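Undergrad: All chains, full assembly: derive it from the sequences and hints.
The residues making up each chain are set out below.
There are 2 protein chains.
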Amino acid sequence: MTKEDKISIGLLGAGTVGSGVLELLQKNAASIAQKVGKQIQVTRIFVRDLEKYAHLAESYALTTDIDDIVNDPQIDIVVELMGGEEPAKTLMLYALAHKKHVVTANKDVVAKYGRELFDAAEANQVDFLFEASVGGGIPIIRPLKQCLAANEIQEVMGIVNGTTNYMLTRMSQQGMDFADALAEAQAKGYAEADPTADVGGLDAARKIAILSSLAFNSRMPLDKVHVEGIEKISKHDIEYAREFGYCIKLLAIAKREGENGINARVHPVFLPVSHPLAAVNDVFNAIFVRGDAIGEAMFYGRGAGKLPTASAVCADIIDVARDIVHKGASRILCTCFEETKICPIEKVANPYYIRLLVADQPGVLSAIAAAFGAQQVSLRTVVQKQRVGEYAELVLITYAVPDSHMRMAMQTLAVLPAVAEVSNIIRVEDPHFS
Amino acid sequence: MTKEDKISIGLLGAGTVGSGVLELLQKNAASIAQKVGKQIQVTRIFVRDLEKYAHLAESYALTTDIDDIVNDPQIDIVVELMGGEEPAKTLMLYALAHKKHVVTANKDVVAKYGRELFDAAEANQVDFLFEASVGGGIPIIRPLKQCLAANEIQEVMGIVNGTTNYMLTRMSQQGMDFADALAEAQAKGYAEADPTADVGGLDAARKIAILSSLAFNSRMPLDKVHVEGIEKISKHDIEYAREFGYCIKLLAIAKREGENGINARVHPVFLPVSHPLAAVNDVFNAIFVRGDAIGEAMFYGRGAGKLPTASAVCADIIDVARDIVHKGASRILCTCFEETKICPIEKVANPYYIRLLVADQPGVLSAIAAAFGAQQVSLRTVVQKQRVGEYAELVLITYAVPDSHMRMAMQTLAVLPAVAEVSNIIRVEDPHFS
Numbered sequence: 000m001t002k003e004d005k006i007s008i009g010l011l012g013a014g015t016v017g018s019g020v021l022e023l024l025q026k027n028a029a030s031i032a033q034k035v036g037k038q039i040q041v042t043r044i045f046v047r048d049l050e051k052y053a054h055l056a057e058s059y060a061l062t063t064d065i066d067d068i069v070n071d072p073q074i075d076i077v078v079e080l081m082g083g084e085e086p087a088k089t090l091m092l093y094a095l096a097h098k099k100h101v102v103t104a105n106k107d108v109v110a111k112y113g114r115e116l117f118d119a120a121e122a123n124q125v126d127f128l129f130e131a132s133v134g135g136g137i138p139i140i141r142p143l144k145q146c147l148a149a150n151e152i153q154e155v156m157g158i159v160n161g162t163t164n165y166m167l168t169r170m171s172q173q174g175m176d177f178a179d180a181l182a183e184a185q186a187k188g189y190a191e192a193d194p195t196a197d198v199g200g201l202d203a204a205r206k207i208a209i210l211s212s213l214a215f216n217s218r219m220p221l222d223k224v225h226v227e228g229i230e231k232i233s234k235h236d237i238e239y240a241r242e243f244g245y246c247i248k249l250l251a252i253a254k255r256e257g258e259n260g261i262n263a264r265v266h267p268v269f270l271p272v273s274h275p276l277a278a279v280n281d282v283f284n285a286i287f288v289r290g291d292a293i294g295e296a297m298f299y300g301r302g303a304g305k306l307p308t309a310s311a312v313c314a315d316i317i318d319v320a321r322d323i324v325h326k327g328a329s330r331i332l333c334t335c336f337e338e339t340k341i342c343p344i345e346k347v348a349n350p351y352y353i354r355l356l357v358a359d360q361p362g363v364l365s366a367i368a369a370a371f372g373a374q375q376v377s378l379r380t381v382v383q384k385q386r387v388g389e390y391a392e393l394v395l396i397t398y399a400v401p402d403s404h405m406r407m408a409m410q411t412l413a414v415l416p417a418v419a420e421v422s423n424i425i426r427v428e429d430p431h432f433s
Numbered sequence: 000m001t002k003e004d005k006i007s008i009g010l011l012g013a014g015t016v017g018s019g020v021l022e023l024l025q026k027n028a029a030s031i032a033q034k035v036g037k038q039i040q041v042t043r044i045f046v047r048d049l050e051k052y053a054h055l056a057e058s059y060a061l062t063t064d065i066d067d068i069v070n071d072p073q074i075d076i077v078v079e080l081m082g083g084e085e086p087a088k089t090l091m092l093y094a095l096a097h098k099k100h101v102v103t104a105n106k107d108v109v110a111k112y113g114r115e116l117f118d119a120a121e122a123n124q125v126d127f128l129f130e131a132s133v134g135g136g137i138p139i140i141r142p143l144k145q146c147l148a149a150n151e152i153q154e155v156m157g158i159v160n161g162t163t164n165y166m167l168t169r170m171s172q173q174g175m176d177f178a179d180a181l182a183e184a185q186a187k188g189y190a191e192a193d194p195t196a197d198v199g200g201l202d203a204a205r206k207i208a209i210l211s212s213l214a215f216n217s218r219m220p221l222d223k224v225h226v227e228g229i230e231k232i233s234k235h236d237i238e239y240a241r242e243f244g245y246c247i248k249l250l251a252i253a254k255r256e257g258e259n260g261i262n263a264r265v266h267p268v269f270l271p272v273s274h275p276l277a278a279v280n281d282v283f284n285a286i287f288v289r290g291d292a293i294g295e296a297m298f299y300g301r302g303a304g305k306l307p308t309a310s311a312v313c314a315d316i317i318d319v320a321r322d323i324v325h326k327g328a329s330r331i332l333c334t335c336f337e338e339t340k341i342c343p344i345e346k347v348a349n350p351y352y353i354r355l356l357v358a359d360q361p362g363v364l365s366a367i368a369a370a371f372g373a374q375q376v377s378l379r380t381v382v383q384k385q386r387v388g389e390y391a392e393l394v395l396i397t398y399a400v401p402d403s404h405m406r407m408a409m410q411t412l413a414v415l416p417a418v419a420e421v422s423n424i425i426r427v428e429d430p431h432f433s
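Chains as they are written, first to last, in numbering that gives the first Met the number 0: chain A, 0 to 433; chain B, 0 to 433.
Read the hints as simulated data drawn from the structure, not as lab findings.
Everything numeric in this text was worked out from a predicted model, so none of it was measured.
Warning: the hint list may mix true and false statements.
Identical copies carry no separate label here, and so any pair may be met within one copy or between two of them.
Keeping only pairs whose Cα atoms sit at most 16 Å apart, straight-line, the calculated EDC-like set for lysine to aspartate or glutamate is [what the hints assert, rightly or not]:
1) K305 / D291
2) K305 / E295
3) K26 / D291
4) K26 / E151
5) K384 / D359
6) K340 / E256
7) K88 / D107
TA: Next up, the structure:
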């Protein structure tokens, strides 16, 4: 076989997703070849430990030297599935510099070094694709770049972390505590031994940085994404949410905030149970998009896992292959041609849910209402819930108020003698009260 | 301006969707130009009545002569938005023969004459795109052709007709009758004066013929799609569905039926309320896809309307424009490279819901059970509901049984003296009982 007949891939990393890609390219080889017009094959695999992947040595040329891959003239596409920032980033830049098309599932690198990688791809006139970096198998990068390209996007809002969605679903459906839900997620392999990046929201932050950059054609640096995790969510919050017609989801949100620019954030929200995202449970992910022409759209599926992620990686491979066959590479590269102002979280307005422990005595409610009123925070609902020891639990829902006002109100509240504890404070994402 | 600087469009038809396309291309002209690398403009519009569209004559060259468009060397793309089979089909073939790229929203023509149009596009090395023909603004054609291209698809199942979904939602949420729901849909402009194509399922059939052809890479002729409408659904059926944990939706379904081939059909179903499609209400559409790698995925949004449909049409225009800029046209044309057998409805197995009026006397139930048993139809649930005059209403749910057996059982049932009426029979689409 000559190069003309086949398209060859150098794979970096043969872990879970890598083995999924090998499996899928083999299983559906015939139909993929017909769609592309050429056969697609992995020829070389870069691994860090030859011993560990000895079982692959029969079918593929294993190497620990990246030069074996980037200097192989037969190889057209480098597929990076090692994860983590380094050496993945350096290897991808090296491959691009050698005029290899690059496909990756690496959200860490795309979120942080997207510009550098796009520039390198453009300079070398090759493709750089990363569909699997957000939402696992769910098509969302390509829809944003192509299918919704005629829209001015107003917001992108997603459940993009399966671990936390699984935990919140279990807490909601089984009345579980946070700790039990986490233990179960770990036992099922949905959460890592160190769950910080998932539970704390960083994983979702990387994904919304990528989605925001695509949706608004303006780069969203990861360190500008406001991040809160689900550590403080208790089953009481979930029960109260339900009483008010909401569920609790960890959402990654990027929105145009008028003249203030674009804001991106990750935090738990009270979401109306009628919202399409409210029905997204367990490890499923979904991304909700609002555009000026399309209106509301949602993309739903498995946000992680060997084969779903491989599905997205292979879609990118097929697209690159079609570009190679039709000699149309680097058709759609960086779309961040704008530099829109970034809106700090302080200026973002939302209604809030607040759960307090207060002294159970006359006058307390009016003191609390006064503290909110002083910061122009209007209360939509105030409900006294159970007694906890000598205190009364109070649940409030406010009308929309900028984050900065709410912070001031909470500071005032914290020093009120009657307030024993601010148990939790969660934003409400409700189109009817925004 | 020379042709090098701009990409010019000849528009066929300036009705609702056409005016949406004009509006959208103007509103978002700047960002579209940046995404494509060239400006995109409509220059000529083919209309059948110059008087009616006189208001457009200031900005566009109106014509009633198609030759003015196909012979204009400045025009790169012909966008057909006239609807209906003729003259749309002839005009598209004529434009393709003149080496114009063609974008259309016309499900009638794509469902019936897809092969002819693809062949013409291929012969002339131009693009033929039709994202708006299914699901309005929802990206589904491109996801099937690109994002899920590495998958062997097992099923595509969708709510693809907004009129009937609106009616069923109203019947379900407000307890409305079919006639009242239809009248309301007509009053709101969701249903046409002659609602036959929507209510009877033909509109959905056209869409599933297109989706099936794409999903299974094998052409599904429209006349092989089994079609039933929602005319016979009563509010009683909806109430009973709810009692059993189901809702009623009009689904368009295409599935691999093992060695029997591929079956495509449109009919109302009992769908578990926990299914992602069950939450798709009002005029919204959604398409649910199951593939061997991605698992379950769903695409949700507005299935009709001026701007949502224009969003999909403009996405196609942008894709063609990118092909023109990068000289990579006809990258993805016909993908029906297989000829998979078509499975007739008779061989498709489903559980069924059956509502009967029977004589309210001893022995009736055993006679009915025997009639089913003779056709190897097992009953999962038998419930006696209200009395209707001298009769009792009986509701049955069967286990999965091939359509042909169910037909035989119903024939036997119809001649049983104790059975006064078979009020309705509806398939159950439940992964747990298939």
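Undergrad: State whether the alpha carbon distance between K305 and D291 is at most 16 Å within one copy, between copies, both, or neither.
TA: So K305 and D291 pass the 16 Å test across copies only (12 Å; inside, 35 Å).
Undergrad: Within, between, both or neither: how does the pair K384, D359 come out at a Cα-Cα threshold of 16 Å?
TA: The answer is within: 11 Å in one copy meets 16 Å, while 52 Å across copies does not.
Undergrad: One pair to classify: K340 and E256, alpha carbons no more than 16 Å apart. Within, between, both, or neither?
TA: within (10 Å within a copy, 53 Å between copies)
Undergrad: My question is about K26 and D291: at a cut-off of 16 Å on alpha-carbon distance, are they close within one copy, between copies, both, or neither?
TA: between (41 Å within a copy, 10 Å between copies)
Undergrad: Indicate which option fits the pair K88, D107 if close means a Cα-Cα distance not exceeding 16 Å: within, between, both or neither.
TA: within (9 Å within a copy, 48 Å between copies)
Undergrad: When no copy is specified for K26 and E151, does a C-alpha distance of 16 Å or less occur within a copy, between copies, both, or neither?
TA: The answer is between: 9 Å across copies meets 16 Å, while 39 Å in one copy does not.
Undergrad: Can you tell me if K305 and E295 fall within 16 Å by alpha carbon in one copy, between copies, both or neither?
TA: Result: close only across copies, 14 Å inter versus 30 Å intra.
Hint violations for this structure: none, all hints satisfied.
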